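Novice: Based on the provided sequences and hints, a complete structural model is requested.
Heads up: the sequence shown begins at 400 in the working numbering, then just goes up one per residue.
Wrong hints could be hidden among the right ones.
No more than 30 Å apart at the CA atoms, straight line, and that leaves these computed lysine-lysine pairs for DSS-like [what the hints assert, rightly or not]:
#1 425 - 529
#2 605 - 623
#3 429 - 529
Label-pair ranges, simulated between beta-carbon atoms [as the list claims (entries may be wrong)]:
#4 534 - 497: 49 to 57 Å
#5 579 - 404: 25 to 33 Å
#6 511 - 606: 15 to 23 Å
Because the hints were derived from the structure by calculation, they are not lab data. Since the model is a prediction, treat every value here as computed from it, not as a measurement. Quick reminder that beta carbons are idealized off the backbone N, C-alpha and C, glycines included.
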Amino acid sequence: MFVDYAEIEIAAGDGGKGAVSFHREKFVPKGGPDGGDGGKGGDVYIKASANMSTLLDFRYKKKFRAQHGAPGGKNNRFGRDGRSITIELPVGTIIADLDTGRKLADLTEHGREILLCKGGKGGRGNTHFKSSTNQIPRKAEDGQPGEKHRVSLELKSIADVGLVGLPNAGKSTLLARVSAAHPKIADYPFTTKVPNLGIVPLPGYKSFVMADIPGLIEGAHLGKGMGIQFLRHIQRTRVLVYLLDITSDNPRRDFDILVGETKSYDSELVKKSSLVVFNKIDLIAERPPVASNFDDVDSEIHYISAATGENVDGFLQALARILFSK
Numbered sequence: 400m401f402v403d404y405a406e407i408e409i410a411a412g413d414g415g416k417g418a419v420s421f422h423r424e425k426f427v428p429k430g431g432p433d434g435g436d437g438g439k440g441g442d443v444y445i446k447a448s449a450n451m452s453t454l455l456d457f458r459y460k461k462k463f464r465a466q467h468g469a470p471g472g473k474n475n476r477f478g479r480d481g482r483s484i485t486i487e488l489p490v491g492t493i494i495a496d497l498d499t500g501r502k503l504a505d506l507t508e509h510g511r512e513i514l515l516c517k518g519g520k521g522g523r524g525n526t527h528f529k530s531s532t533n534q535i536p537r538k539a540e541d542g543q544p545g546e547k548h549r550v551s552l553e554l555k556s557i558a559d560v561g562l563v564g565l566p567n568a569g570k571s572t573l574l575a576r577v578s579a580a581h582p583k584i585a586d587y588p589f590t591t592k593v594p595n596l597g598i599v600p601l602p603g604y605k606s607f608v609m610a611d612i613p614g615l616i617e618g619a620h621l622g623k624g625m626g627i628q629f630l631r632h633i634q635r636t637r638v639l640v641y642l643l644d645i646t647s648d649n650p651r652r653d654f655d656i657l658v659g660e661t662k663s664y665d666s667e668l669v670k671k672s673s674l675v676v677f678n679k680i681d682l683i684a685e686r687p688p689v690a691s692n693f694d695d696v697d698s699e700i701h702y703i704s705a706a707t708g709e710n711v712d713g714f715l716q717a718l719a720r721i722l723f724s725k
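Specialist: And the structure:
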């Protein structure tokens, strides 16, 4: 199951309590204070891992706590520090405080580690409270509480290019054609139920990452279909590819639906660089003059067949020019 949102509670450990103790040994019946300090509470770290691709684990385990510091002991023994914990999250996860809405971290790189909750400081033992007027202090400090957060985890895939299309436009076929990804492909709507990522190698350019999300339908921003909930996975992209089925009765209407639904989700998305790509040219005898309906669209237009590979190289070259000219 693919899960890209979760809410959890995290807490660092509390500091250990300082000890009230007095030195005792034979022939020294009234030794001075020797209570040790409490140990520091454990910290909570988060770490980005490229080995994870979903937040599914956090649907079932929602509370994470580091270990408390141990109390101080006699003979000025310090309490043991609490054990820290590290929570691994997929690369692309954004962590925000649920109570304040403040963004705490954005894990964009594998291996990045961030201290999220700091453990409480250990309390001081009674040794610290001896003075000229108080030789036998019976006072020690409690440890300080560790930091706590209620946080949201939102996974936004790290991709350079996002494929946007209606169901059955051929997005998964195109991703499989240009990368080593193996998305499910079938001749029925909503075959793609989760975002798929593929690394696209291209001679003369750096490789780039392409994301295929479930198809959008009209009214998606009102909850229809399933694609709108996955649009967050193309928010980080630099280029959008509007993939259209050239055999459709009205490709322009299809395009307007895609732009409208995308804009309803996030108006910044439609400001990105884009290409308009007509797919399935292998299914028509001759190319219809559909481009004339797109004179007002400020994007390059390409005609391809993801199934046969026709014109796909030219499309990728155009995509790379946009990506790497910036």
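Novice: Each hint: holds or not?
Specialist: Okay, the hints, checked on the actual structure:
1. 425 - 529: holds, 22 Å
2. 605 - 623: violated, 37 Å
3. 429 - 529: Distance ~14 Å between residue 429 and residue 529 Cα, so the pair holds.
4. 534 - 497: 49 to 57 Å: holds, 50 Å
5. 579 - 404: 25 to 33 Å: holds, 28 Å
6. 511 - 606: 15 to 23 Å: Given about 21 Å between the Cβ atoms, the range holds.
Checked against the numbered hints above, the structure violates only hint 2.
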